[in-house]
Amino acid sequence: MSELKVYNSLSRQKEVFTSLTPGHVGMYVCGPTVSGESHLGHARPYITFDVIFRYLQYLGYKVRYVRNITDAGHFEEEGREAVDKIATKAVLEKLEPMELVQKYTNLFHWAMAQFNTLPPSIEPTATGHIVEQIEMIKKILEAGYAYESNGSVYFDVKKYAAGHDYGKLSGRVIEDLLETTRELEGQQEKRDTADFALWKNAAPEHIMRWQSPWGVGYPGWHIECSAMATKYLGAQFDIHGGGMDLLFPHHESEIAQSTICNHSAPVRYWIHNNMITINGRKMGKSYNNVIKLTELFSGDHPILEKAYHPMTVRFFILQTHYRSTLDFSNEALQASEKGLRRLWDAYENLQKLSREGAPEAGDAELDKKINDLLDEFSTFMNDDFSTAKVLANMFEMVPVINSMKDKLIPVTALSAASIEKLKAGFHTWLEDIFGLRSVSEADNSKLQGVMQLLVDIRKEAKSRKDFVTSDKIRNQLALLGITLKDEKGGEMSWSLAGGE
RNA sequence: GGUUCUGUGGCCGAGUGGCUAGGCAGAGCUCUGCAAAAGCUCCUACACCGGUUCGAAUCCGGUCGGAACCUCCA
Numbered sequence: 002m003s004e005l006k007v008y009n010s011l012s013r014q015k016e017v018f019t020s021l022t023p024g025h026v027g028m029y030v031c032g033p034t035v036s037g038e039s040h041l042g043h044a045r046p047y048i049t050f051d052v053i054f055r056y057l058q059y060l061g062y063k064v065r066y067v068r069n070i071t072d073a074g075h076f077e078e079e080g081r082e083a084v085d086k087i088a089t090k091a092v093l094e095k096l097e098p099m100e101l102v103q104k105y106t107n108l109f110h111w112a113m114a115q116f117n118t119l120p121p122s123i124e125p126t127a128t129g130h131i132v133e134q135i136e137m138i139k140k141i142l143e144a145g146y147a148y149e150s151n152g153s154v155y156f157d158v159k160k161y162a163a164g165h166d167y168g169k170l171s172g173r174v175i176e177d178l179l180e181t182t183r184e185l186e187g188q189q190e191k192r193d194t195a196d197f198a199l200w201k202n203a204a205p206e207h208i209m210r211w212q213s214p215w216g217v218g219y220p221g222w223h224i225e226c227s228a229m230a231t232k233y234l235g236a237q238f239d240i241h242g243g244g245m246d247l248l249f250p251h252h253e254s255e256i257a258q259s260t261i262c263n264h265s266a267p268v269r270y271w272i273h274n275n276m277i278t279i280n281g282r283k284m285g286k287s288y289n290n291v292i293k294l295t296e297l298f299s300g301d302h303p304i305l306e307k308a309y310h311p312m313t314v315r316f317f318i319l320q321t322h323y324r325s326t327l328d329f330s331n332e333a334l335q336a337s338e339k340g341l342r343r344l345w346d347a348y349e350n351l352q353k354l355s356r357e358g359a360p361e362a363g364d365a366e367l368d369k370k371i372n373d374l375l376d377e378f379s380t381f382m383n384d385d386f387s388t389a390k391v392l393a394n395m396f397e398m399v400p401v402i403n404s405m406k407d408k409l410i411p412v413t414a415l416s417a418a419s420i421e422k423l424k425a426g427f428h429t430w431l432e433d434i435f436g437l438r439s440v441s442e443a444d445n446s447k448l449q450g451v452m453q454l455l456v457d458i459r460k461e462a463k464s465r466k467d468f469v470t471s472d473k474i475r476n477q478l479a480l481l482g483i484t485l486k487d488e489k490g491g492e493m494s495w496s497l498a499g500g501e
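Going left to right, the first sequence walks through residues 2 to 501 as the numbering used here numbers them.
Worth flagging that the hints you see were computed from the coordinates, not collected in a lab. Computed from a predicted structure; not experimentally measured.
DSS-like cross-link-like pairs, simulated, lysine-lysine; straight-line CA separation at most 25 Å:
1. 353 <-> 489
2. 370 <-> 390
3. 424 <-> 489
4. 390 <-> 6
5. 390 <-> 15
6. 390 <-> 424
7. 104 <-> 286
8. 370 <-> 408
Model the full assembly from the supplied sequences, consistent with the hints where possible.
Structure representation (structure tokens):
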């Protein structure tokens, strides 16, 4: 089998993946800020890294997957107002800060469950690691790479850049950063505009506040990830993931902080997913084009023509490479919806196939083709997680599977071993690695029983050529959103339309 | 303005220099009481202009679009 190669943002090329500790992988992914509801944009990184998490486990690694919850507020705009986002919102909604944070954390977990993402191994909160953050800031101060100013602590970027490559990850040029002349209030606390806050003093009205050696305040934007990653994954770990928009300054700053604190670069492989765009524009609060996940699932948004099932969204995301932008549109989502249904129907048909008789393949050519397509799954996935290509291969096998089901091709065309491999391959990749599951909610046993009864009555009616009755059953069910289909050989199948 | 990336058929999207990705939509046929599904077939594109090469969507240069980051951000 080929080796796993991942695109490392740090080197801007694909590298063979090896873990620091054989058999183990440490992976940190920047989690959500729970000051508001998650939107469609959030779906991408968590689904992307869920698949990476699942795939690494499939490869046999024991993975510690750490994804934080940012529940301590960050600046609306650094230095300008020094108002904590969560604190502001809390006043507006008349909620306790922790109440607000809990509400959106719960909602986030709910949405992630809808997407069938596995929970991370550790989900640390920023508020739960104030002590670790303060300790880290102390170390950086002791090392001489930070300075205190008016109750705040800033990282000295210029000093760091003198001996380290600040900008390596994001391709930023330090001289340019230092020359920025942007006028920002509160900037006078900093020695250089490029410096970033490790600790901010809190104004009296600021609700989220903690005691520190520098006075009452709250942690800066970047320090939480460094502190928590160090605590749970060590000074050096394998993978750090997140959206491309976090490359600078967030991840660049993380590298600087951790390097000073731990005397080594923290991360071996930086993996960044690209953005979801809507009408060609990034989705974000500042663009006013946000579709919240609850709206996406309910269809309750002006942009949406209908509700979209979480699995449709998951499939939509997997149909493109994670480093490409993905443009959202109703047309594209509906194409994915139909594609997923077709693929899933074939998958279910496949699992029902039984093969008897001599184990050899009746059609050696077809047998080889299927085996080749299956073998390519790993090849594609090892090539920087090309989920789109794996899915394309699956679609190529769909006509073969459906033809075997309809007996247009005998099941014995493939060897017994190949059929088993096919079944196992689809199951493993579709469910275990890609994390897809049926969009049908038809697993209610009472509904199953009722439907079986209707199917039996319709079969009887049809056998009497009583098409009035048989059509009535099918048409009435259709009005209820249940599709009844006649199959070859007199069998019938049914499904709940849309999967909503 | 700086940095990085990008421009593929009606739409979405893979693409390692030569051999049809795939999905959706559309057309025809087969199957079928009808329908739906399914199967088969068709629809062959790479922003523009140069260059390298026997050969380029793929490499290089330029032009023109678009995006992300440079400020909270998945």
